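Colleague: Residues per chain, in single letters:
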Amino acid sequence: MMEELSLHILDIVENSINAKATRVDIEVDINKEENLITIKVTDNGKGMDEKTLENVKDPFFTTKTTRKVGLGVSFLDEIAQLTGGSLDIESKLGIGTTIKLKLPIDHPDRPPLGDIVSTLITLLATNPCVWIVYRETRNGKSWEFNSKEVEELLGDYAWLGKIKEVLYNSYKEFTGGELI
Amino acid sequence: MKSLEDLKRIREQAQAQIRLRTQEANTKIIVGMGTCGIAAGARETLMAILDELAKRNIQDVVVTQTGCVGLCEYEPLVNVVKPGQPKITYMKVTPERARQIVASHIVNDQVVNEWVLSTEEGV
Numbered sequence: 103m104m105e106e107l108s109l110h111i112l113d114i115v116e117n118s119i120n121a122k123a124t125r126v127d128i129e130v131d132i133n134k135e136e137n138l139i140t141i142k143v144t145d146n147g148k149g150m151d152e153k154t155l156e157n158v159k160d161p162f163f164t165t166k167t168t169r170k171v172g173l174g175v176s177f178l179d180e181i182a183q184l185t186g187g188s189l190d191i192e193s194k195l196g197i198g199t200t201i202k203l204k205l206p207i208d209h210p211d212r213p214p215l216g217d218i219v220s221t222l223i224t225l226l227a228t229n230p231c232v233w234i235v236y237r238e239t240r241n242g243k244s245w246e247f248n249s250k251e252v253e254e255l256l257g258d259y260a261w262l263g264k265i266k267e268v269l270y271n272s273y274k275e276f277t278g279g280e281l282i
Numbered sequence: 171m172k173s174l175e176d177l178k179r180i181r182e183q184a185q186a187q188i189r190l191r192t193q194e195a196n197t198k199i200i201v202g203m204g205t206c207g208i209a210a211g212a213r214e215t216l217m218a219i220l221d222e223l224a225k226r227n228i229q230d231v232v233v234t235q236t237g238c239v240g241l242c243e244y245e246p247l248v249n250v251v252k253p254g255q256p257k258i259t260y261m262k263v264t265p266e267r268a269r270q271i272v273a274s275h276i277v278n279d280q281v282v283n284e285w286v287l288s289t290e291e292g293v
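In order, the protein sequences belong to chains H and W. All residue numbers for the first sequence refer to the numbering used here, where the first residue is 103 and numbers rise by one. All residue numbers for the second sequence refer to the numbering used here, where the first residue is 171 and numbers rise by one.
No lab work stands behind these hints: they were computed from the structure. Please read these numbers as outputs of a predicted model, since none were measured by experiment. Watch out, some of these pointers could steer you wrong.
Unchecked claim - With a Cα cut of at most 20 Å, we get these calculated EDC-like pairs of lysine to aspartate or glutamate: (1) H:Lys266 <-> W:Glu222; (2) W:Lys262 <-> H:Glu275; (3) H:Lys243 <-> H:Asp211; (4) H:Lys204 <-> H:Glu192; (5) H:Lys153 <-> H:Asp179; (6) H:Lys264 <-> W:Glu175; (7) H:Lys243 <-> W:Glu175; (8) H:Lys142 <-> H:Asp217; (9) H:Lys264 <-> W:Asp221; (10) H:Lys266 <-> W:Glu175; (11) H:Lys264 <-> W:Glu214; (12) W:Lys198 <-> W:Glu222; (13) H:Lys266 <-> W:Asp221; (14) H:Lys204 <-> H:Asp131; (15) H:Lys264 <-> W:Asp176; (16) H:Lys266 <-> W:Glu214; (17) H:Lys264 <-> W:Asp279; (18) H:Lys204 <-> H:Asp127; (19) H:Lys250 <-> W:Asp176; (20) H:Lys266 <-> H:Glu246; (21) H:Lys266 <-> W:Glu291; (22) H:Lys250 <-> W:Glu175; (23) H:Lys142 <-> H:Glu105; (24) H:Lys274 <-> W:Glu222; (25) H:Lys264 <-> W:Glu222; (26) W:Lys225 <-> H:Glu267; (27) H:Lys274 <-> W:Asp230.
Just chain W, same shape as in the assembly (with noise of 0.2 Å):
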């Protein structure tokens, strides 16, 4: 791929196999993007988890992101909403804290307590 004339030949080939991830999804990794989580390195961190996502294949996952929440010194803000499980909120979440996430809660289901900041039952 060299252009963006491929990457619209790819679009053709792949229209097929394309899924719409809201459609299968059902994890959700929710990223804080105010002023606060951009300025403490959020797009870098989105990126991580997004490129950890590619590399393991994973496609039943919405990345989405959100405002700021108030809580701007422990920014980036990533939660992981998983059906039936409490949303939990990381705080700090840098890149490399983002792609241990994704091994450690989105795959092998293990919450890292370590940066835990709140866990909220019932969403």
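In isolation and in its complexed conformation, chain H is listed as follows (with noise of 0.2 Å):
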């Protein structure tokens, strides 16, 4: 498994952009009343059949032929079960697919959130095609980005690492700092 949540979720949108996604939303709400992280990433990919589907959270199974095992979803599932979480997945051919992943804030085994904004400046870099929405809810407050905001700036590394230092400071001012 990966250290964190970040990084299950740039692991989870790249399966996205490799199933042709144009658009990818990740929505993360953190309700701790309810002792509850969740984490949904919807894309309009190439979506599943449903015996892929069907076999999508199997170690042992995947659509690549690089390699004989596709850990991406079944590292999640494995997450889930070891925390009493839960991960739903539903996806239509030539619609896309939805990832939802639930877990308990307070179980030891639940990696933490990370670092997101490193894994949204990934996507962004390596991807800048792709139209990337990222929300997340905490506290009663909300946390909003939008890649159509900078994308004329994607071409430029200088400008790439001006959005992460503006990213940074929003999320940073956005957290006051709490790590999840």
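Could you use the hints to bring the two separately framed chains together as a complex?
Modeller: Okay, here's the thing in structure tokens:
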């Protein structure tokens, strides 16, 4: 497994992009009253047929040809099982896929949310043509980043560095430095 | 810059200056971003590459990603493709190695042989 949920999010969004998604919405909801962190990734990629969907949590199932394992989704399923959470996947061919992970905040085996901004910058840098929307809600407040707002800047690494700086500052202000 | 609103203003000011990197890029840096690559630290490797390119004001390079190529034990893998030269695949590229690869290979055209996993002609 990976050390941070933000790395799992990166992995899942890479799956979406490999499935030809042109838009990916990432929603993170942190609800302390219900002791629940919910991560939802929705894409408009090619979607999965029923057989693929049935097997997608199986680590020895993959549609790739370079190896015989497919660990991305099965890692999420393992975290859900370890912590008493849940993983739900909906997909329709030609429409897209939604992955919803719910985890108890206070379980010791739940990975931390981690460095969300690095995940966003990685996605922006390597997939500048994909529309990424990230929304996080915590403590009754929300923070949103929409890649459309900066798409003209993504062709220049110096500007990308400035986007990173702004996002880090803005996100830190939003979270108040609170680690989840 | 303090907010995303500032970014919007920057965008408007910068529109005239920005070149799309796909138009002028010659060199490609390709980072393995499969599950194995991400688990091995590819995100931090990529962030180091971006930072180094920004610091050196290098624009004629495309940084992109690829999935798992079945060499998971050597991740993070980074390919450098320069026009007219063999594709070089670097293995176990930590952020520190990534910075060195940018300095040596991208800037000075010196392959860092110590970390080369494979060399592929005719790419």
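Colleague: It remains to establish, for every hint, whether it holds in the given structure.
Modeller: Structure-based check of all given hints:
This hinted pair checks out: Lys266 of chain H and Glu222 of chain W have alpha carbons roughly 14 Å apart, not beyond 20 Å. Proposed proximity of Lys262 of chain W and Glu275 of chain H is contradicted: the alpha carbons are some 35 Å apart, above 20 Å. A distance of roughly 26 Å separates the Cα atoms of Lys243 of chain H and Asp211 of chain H; the hinted pair therefore is violated under the 20 Å criterion. Distance hint between Lys204 of chain H and Glu192 of chain H is fulfilled; the C-alpha atoms sit about 14 Å from each other, no more than 20 Å.
Pair hint Lys153 of chain H plus Asp179 of chain H holds up; C-alpha atoms about 18 Å apart against a cutoff of 20 Å. Among the hinted pairs, Lys264 of chain H with Glu175 of chain W is consistent with the structure: their alpha-carbon atoms are about 13 Å apart, no more than 20 Å. Under the criterion of a C-alpha separation no larger than 20 Å, the hint pairing Lys243 of chain H with Glu175 of chain W is consistent with the structure, at around 18 Å. For the suggested pair Lys142 of chain H and Asp217 of chain H, the alpha carbons sit about 17 Å apart, so the restraint of at most 20 Å is met.
Restraint check: the Cα-Cα separation between Lys264 of chain H and Asp221 of chain W comes to about 10 Å, which is no more than 20 Å; the hinted pair holds. Distance check on the hinted pair: Lys266 of chain H and Glu175 of chain W sit about 14 Å apart at the alpha-carbon level, within 20 Å; holds. For the hint linking Lys264 of chain H to Glu214 of chain W, the alpha-carbon distance of about 17 Å falls within 20 Å, and the restraint holds. Restraint check for Lys198 of chain W and Glu222 of chain W: satisfied, since their Cα atoms lie roughly 15 Å apart, inside the 20 Å limit.
Pair hint Lys266 of chain H plus Asp221 of chain W holds up; C-alpha atoms about 10 Å apart against a cutoff of 20 Å. Between Lys204 of chain H and Asp131 of chain H the CA atoms are separated by roughly 9 Å; this keeps the pair inside 20 Å, and the hint holds. Taken as a hint, the Lys264 of chain H and Asp176 of chain W pair is honoured in the structure, with Cα atoms around 11 Å apart against an allowance of 20 Å. The suggested pairing of Lys266 of chain H with Glu214 of chain W holds, with an alpha-carbon distance near 13 Å, which does not exceed 20 Å.
For a cut-off of 20 Å, the pair hint linking Lys264 of chain H to Asp279 of chain W is broken: about 28 Å separates their Cα positions. The suggested pairing of Lys204 of chain H with Asp127 of chain H holds, with an alpha-carbon distance near 16 Å, which does not exceed 20 Å. For the hint pairing Lys250 of chain H with Asp176 of chain W, the CA-to-CA distance comes to about 14 Å; that is within 20 Å, so the pair holds. Under the criterion of a C-alpha separation no larger than 20 Å, the hint pairing Lys266 of chain H with Glu246 of chain H is consistent with the structure, at around 14 Å.
For the suggested pair Lys266 of chain H and Glu291 of chain W, the alpha carbons sit about 36 Å apart, so the restraint of at most 20 Å is broken. Proposed proximity of Lys250 of chain H and Glu175 of chain W is supported: the alpha carbons are some 13 Å apart, at most 20 Å. Taking the CA atoms of Lys142 of chain H and Glu105 of chain H, the gap is about 19 Å. The hint holds against a cut of 20 Å. Taken as a hint, the Lys274 of chain H and Glu222 of chain W pair is broken in the structure, with Cα atoms around 24 Å apart against an allowance of 20 Å.
For the hint pairing Lys264 of chain H with Glu222 of chain W, the CA-to-CA distance comes to about 13 Å; that is within 20 Å, so the pair holds. Taking the CA atoms of Lys225 of chain W and Glu267 of chain H, the gap is near 14 Å; set against the 20 Å cutoff, the hint holds. This hinted pair does not check out: Lys274 of chain H and Asp230 of chain W have alpha carbons roughly 32 Å apart, beyond 20 Å.
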